[in-house]
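If you're matching them up, the sequences are chains A and B in order.
So the first sequence is numbered by my numbering: it starts at 1 and just counts up by one.
So the second sequence is numbered by my numbering: it starts at 112 and just counts up by one.
No wet-lab data here; the hints were simulated from the structure.
Hints may be right or wrong, so weigh each one.
To be verified - Capping the alpha-carbon separation at 27 Å, the derived lysine-lysine pairs in DSSO-like fashion look like this:
| # | chain 1 | residue 1 | chain 2 | residue 2 |
| --- | --- | --- | --- | --- |
| 1 | A | Lys57 | B | Lys137 |
| 2 | B | Lys137 | A | Lys9 |
| 3 | B | Lys166 | B | Lys207 |
| 4 | A | Lys14 | A | Lys44 |
| 5 | A | Lys57 | A | Lys14 |
| 6 | B | Lys207 | A | Lys9 |
| 7 | B | Lys148 | B | Lys178 |
| 8 | B | Lys148 | B | Lys166 |
| 9 | B | Lys166 | B | Lys178 |
| 10 | B | Lys166 | B | Lys179 |
| 11 | A | Lys14 | B | Lys137 |
| 12 | B | Lys178 | B | Lys137 |
| 13 | B | Lys178 | A | Lys44 |
| 14 | A | Lys44 | B | Lys137 |
| 15 | B | Lys179 | A | Lys9 |
| 16 | B | Lys166 | A | Lys44 |
| 17 | A | Lys57 | A | Lys44 |
| 18 | B | Lys179 | A | Lys44 |
| 19 | A | Lys57 | A | Lys9 |
| 20 | B | Lys207 | B | Lys137 |
| 21 | B | Lys166 | A | Lys57 |
| 22 | B | Lys207 | B | Lys179 |
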Amino acid sequence: NAGVTQTPKFRILKIGQSMTLQCTQDMNHNYMYWYRQDPGMGLKLIYYSVGAGITDKGEVPNGYNVSRSTTEDFPLRLELAAPSQTSVYFCACRTSQETQYFGPGTRLLVL
Amino acid sequence: QQPVQSPQAVILREGEDAVINCSSSKALYSVHWYRQKHGEAPVFLMILLKGGEQKGHEKISASFNEKKQQSSLYLTASQLSYSGTYFCGGGGATNKLIFGTGTLLAVQP
Numbered sequence: 001n002a003g004v005t006q007t008p009k010f011r012i013l014k015i016g017q018s019m020t021l022q023c024t025q026d027m028n029h030n031y032m033y034w035y036r037q038d039p040g041m042g043l044k045l046i047y048y049s050v051g052a053g054i055t056d057k058g059e060v061p062n063g064y065n066v067s068r069s070t071t072e073d074f075p076l077r078l079e080l081a082a083p084s085q086t087s088v089y090f091c092a093c094r095t096s097q098e099t100q101y102f103g104p105g106t107r108l109l110v111l
Numbered sequence: 112q113q114p115v116q117s118p119q120a121v122i123l124r125e126g127e128d129a130v131i132n133c134s135s136s137k138a139l140y141s142v143h144w145y146r147q148k149h150g151e152a153p154v155f156l157m158i159l160l161k162g163g164e165q166k167g168h169e170k171i172s173a174s175f176n177e178k179k180q181q182s183s184l185y186l187t188a189s190q191l192s193y194s195g196t197y198f199c200g201g202g203g204a205t206n207k208l209i210f211g212t213g214t215l216l217a218v219q220p
């Protein structure tokens with residue numbers, strides 16, 4: 001039981017490049033979330049999903065896209081990377097008791 | 112708007128107590144508390160689902176005043192392992208959890 005896994009762990013992007021951050025959970029939870037955490041700051045919700053095929057915007061969705069074709073996977077897509085997207089990205093899933101379990105994070109540097 | 116936490120940072124000696132406050136301008140249906148150690152993911156501590164509910168976890172407990180939209184986290188007889196950044200999370204009527212501004216706690220020997 002791996003919980004929530006994220007890949008890659010670290011990535012450097014050039015301005016304008018695109019990438020997909022992968023998130024997979026093996027706990028069969030319907031609710032999944034993507035957060036970003038800038039250095040020394042709190043967590044900001046980017047997108048979330050309440051089940052396969054259903055996604056919705058969070059606090060800071062601009063510049064990102066998500067999809068949820070299966071219960072297990074919730075990838076986050078950056079289309080045109082900008083320096084302002086330099087951050088640590090956390091994926092999380094939520095239990096029926098509302099506990100959120102976080103993945104280890106992806107550190108992204110946009111230069 | 113995210114919940115505001117106070118203090119922003121606190122330094123303790125081992126064995127001392129601390130209180131971290133969380134205040135929201137929006138209605139809260141639940142309050143979550145998480146701890147994040149440097150370079151790691153946040154880890155769930157506890158959730159309070161009802162107004163006035165108090166929960167405890169070893170020497171860490173919390174209360175939730177639904178009328179005031181406030182929650183407090185109490186750490187007693189602090190240990191070195193308590194060091195980290197504490198976040199409250201406000202659960203509203205939607206499925207979203209909005210995290211607070213964070214409180215950095217440093218426990219020194």
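Structure-based check of each hint:
Taken as a hint, the A/Lys57 and B/Lys137 pair is honoured in the structure, with Cα atoms around 19 Å apart against an allowance of 27 Å. For the hint pairing B/Lys137 with A/Lys9, the CA-to-CA distance comes to about 35 Å; that exceeds 27 Å, so the pair is violated. Taking the CA atoms of B/Lys166 and B/Lys207, the gap is about 22 Å. The hint holds against a cut of 27 Å. Of the supplied pair hints, the one linking A/Lys14 and A/Lys44 holds, its CA atoms being roughly 23 Å apart against a limit of 27 Å.
At roughly 25 Å between alpha-carbon atoms, A/Lys57 and A/Lys14 fall within 27 Å of each other, so this suggested pair holds. For the hint linking B/Lys207 to A/Lys9, the alpha-carbon distance of about 25 Å falls within 27 Å, and the restraint holds. As the CA atoms of B/Lys148 and B/Lys178 are separated by approximately 31 Å, the hinted pair breaks the 27 Å bound. Between the alpha carbons of B/Lys148 and B/Lys166 the distance comes to roughly 22 Å, so the proposed pair stays at or under 27 Å and holds.
Distance restraint check for B/Lys166 and B/Lys178: the Cα-Cα separation of roughly 18 Å lies within the 27 Å cut-off, and the hinted pair is therefore satisfied. Restraint check: the Cα-Cα separation between B/Lys166 and B/Lys179 comes to about 18 Å, which is no more than 27 Å; the hinted pair holds. Between A/Lys14 and B/Lys137 the alpha-carbon distance is near 39 Å, which puts this suggested pair outside the 27 Å criterion. For a cut-off of 27 Å, the pair hint linking B/Lys178 to B/Lys137 stands: about 11 Å separates their Cα positions.
For the hint pairing B/Lys178 with A/Lys44, the CA-to-CA distance comes to about 25 Å; that is within 27 Å, so the pair holds. Under the criterion of a C-alpha separation no larger than 27 Å, the hint pairing A/Lys44 with B/Lys137 is consistent with the structure, at around 17 Å. Between the alpha carbons of B/Lys179 and A/Lys9 the distance comes to roughly 40 Å, so the proposed pair goes past 27 Å and is violated. Using a Cα cut-off of 27 Å, the hinted pair B/Lys166 and A/Lys44 holds, with the two alpha carbons roughly 26 Å apart.
As the CA atoms of A/Lys57 and A/Lys44 are separated by approximately 11 Å, the hinted pair is consistent with the 27 Å bound. Restraint check for B/Lys179 and A/Lys44: the C-alpha separation of about 24 Å stays at or below 27 Å, so the hint holds. A threshold of 27 Å between alpha carbons decides the hint, and for A/Lys57 with A/Lys9 the separation of about 24 Å falls inside it, so the pair holds. For the proposed pair B/Lys207 and B/Lys137, the alpha carbon gap of about 13 Å is at most 27 Å, so the pair holds.
Between B/Lys166 and A/Lys57 the alpha-carbon distance is near 31 Å, which puts this suggested pair outside the 27 Å criterion. Taking the CA atoms of B/Lys207 and B/Lys179, the gap is about 20 Å. The hint holds against a cut of 27 Å.
When each numbered hint is compared with the structure, violations occur for hints 2, 7, 11, 15 and 21.
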